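A.B. asks: Quick mapping for you: the protein sequence lines, in order, are chains A and B. For the first sequence, my numbering puts the final residue at 128, and the numbers step up evenly by one. For the second sequence, my numbering puts the final residue at 267, and the numbers step up evenly by one.
These aren't lab readings, by the way, just hints derived from the structure by calculation. Model, not experiment: these values are computed from the prediction. Even for Gly, the Cβ is constructed at its ideal location relative to N, Cα and C. A hint or two may mislead.
Said to hold, decoys possible - For the chain B half of the interface with chain A, some residues (derived, Cβ under 10 Å), not all of them: (1) Ser28; (2) Ile114; (3) Ala115; (4) Val118; (5) Leu193; (6) Pro204; (7) Gly222; (8) Asp223; (9) Gly235; (10) Glu250.
To be verified - Subject to a maximum C-alpha distance of 16 Å in a straight line, what follows is the list of computed EDC-like cross-link-like pairs (lysine to aspartate or glutamate): (11) Lys124(A) / Glu134(B); (12) Lys124(A) / Glu187(B); (13) Lys107(B) / Glu25(B); (14) Lys62(A) / Glu29(A); (15) Lys212(B) / Glu163(B); (16) Lys199(B) / Glu187(B).
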Amino acid sequence: MGFDQYHEPPEELSAETRTFARLCASLEEESQAIGWYQQRLAVEPDPEARAIMEDAQGEEFKHFAMDLEFLLRRTPRWRQIAEGVLFQEGDIVEHGEAAEAASEGGEEDGGSSTDGSLGIGSLKEVAR
Amino acid sequence: MNHLMRQLAPISDTSWELLDDEARERLSGALAARRLVDFHGPRGWEHACVNLGRTKALQAAPCDGVSGRQRQVQPLVELRADFSISLEELRDNDRGAFDADLEPLDKAARQIAIAENVAVFHGWAEAGIAGIAEASVVGAQPLGGSAEEYPRSVARAVESLREVGVDGPYGLALGPDEYTRVIETAEHGGYPLFDHLAKILAGPIVWAPGVKGAVVLSLRGGDFLFESGQDLAVGYSHHDADAVHLYLEESFSFVVATPEAAAPLSS
């Protein structure tokens, strides 16, 4: 088994960063699986097989969403940009540019996360 | 601008960064409960209560032929610690000084962290919060007068949790005095007491200012729920010619879902 999710020597990374990297790798794998199922569904004629694939793809949607939510909770700036883009009507690129600009050089509220909080959250994973 | 009113403060971006970094650093070390219990949220300043999923039957209904039940919730509490920082210190920081006096912020951070720890581990009756130690159905056992007795006490506590079907890993919250004793002590043969306890627990040992004695608790999840509304933040109150008056604030509540998942140890 490899440890390809680490780009830097793992022993030099904090436990928090290693967890972050694992979830990033997981996010990547889920999106890859979603893409694979999409392709299989596009060519599979058997309705029973399609039903199974659709069910499996739904699982990957859920996994992807959970991975993403975890990462956004741990990364205030990423969360801020995502909040400016996700579930918004209108031009995606414009929203992206605006959200990125808002996240640079101090937030709108002068805070360190979208709600102005210190972004501390849970410390459970970094104990000991 | 949100309720923290940070934009109204006479504080540069550089100095806000200094204050936030200092607060984050001071708080992270002292927020023991967040290292051991499940953290939900933050759900926002508007979030007002925890859904307990229970109801209370109402005696009277608006008319005949119907009955009523009222949802039970646990309201969030707002915790706030005020402090003041000299404007002169912040101006010097803007000039590049690297030794700004942030003692009032450090003190406020310590106070609010202790308050959070106490609420979680020992409760806050007026706020309707039952603490882990008080809610535990396992009676408090003595931790021991000397650090050499700690491994036996902790092992017994772990065993008492296993006996009632509460799996590990387990964590240990230690009051500051008890924590100091642990890290200062080596057992026979020079084996650090800290490592011995960690082996018994298979989980973290946490420095927990505000905790009296110690608490062993399961980290399997789902037993202790900390619900955050507004996570800890630095807000602006007002300023005068000499100082800016700020505060640390959060809103939260805490619920013990499994009282048998913790074993308190008295000092």
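A.B. asks: Quick check: which numbered hints come out false for this structure?
C.D. replies: 2, 3, 4, 5, 7, 8, 11, 12, 15
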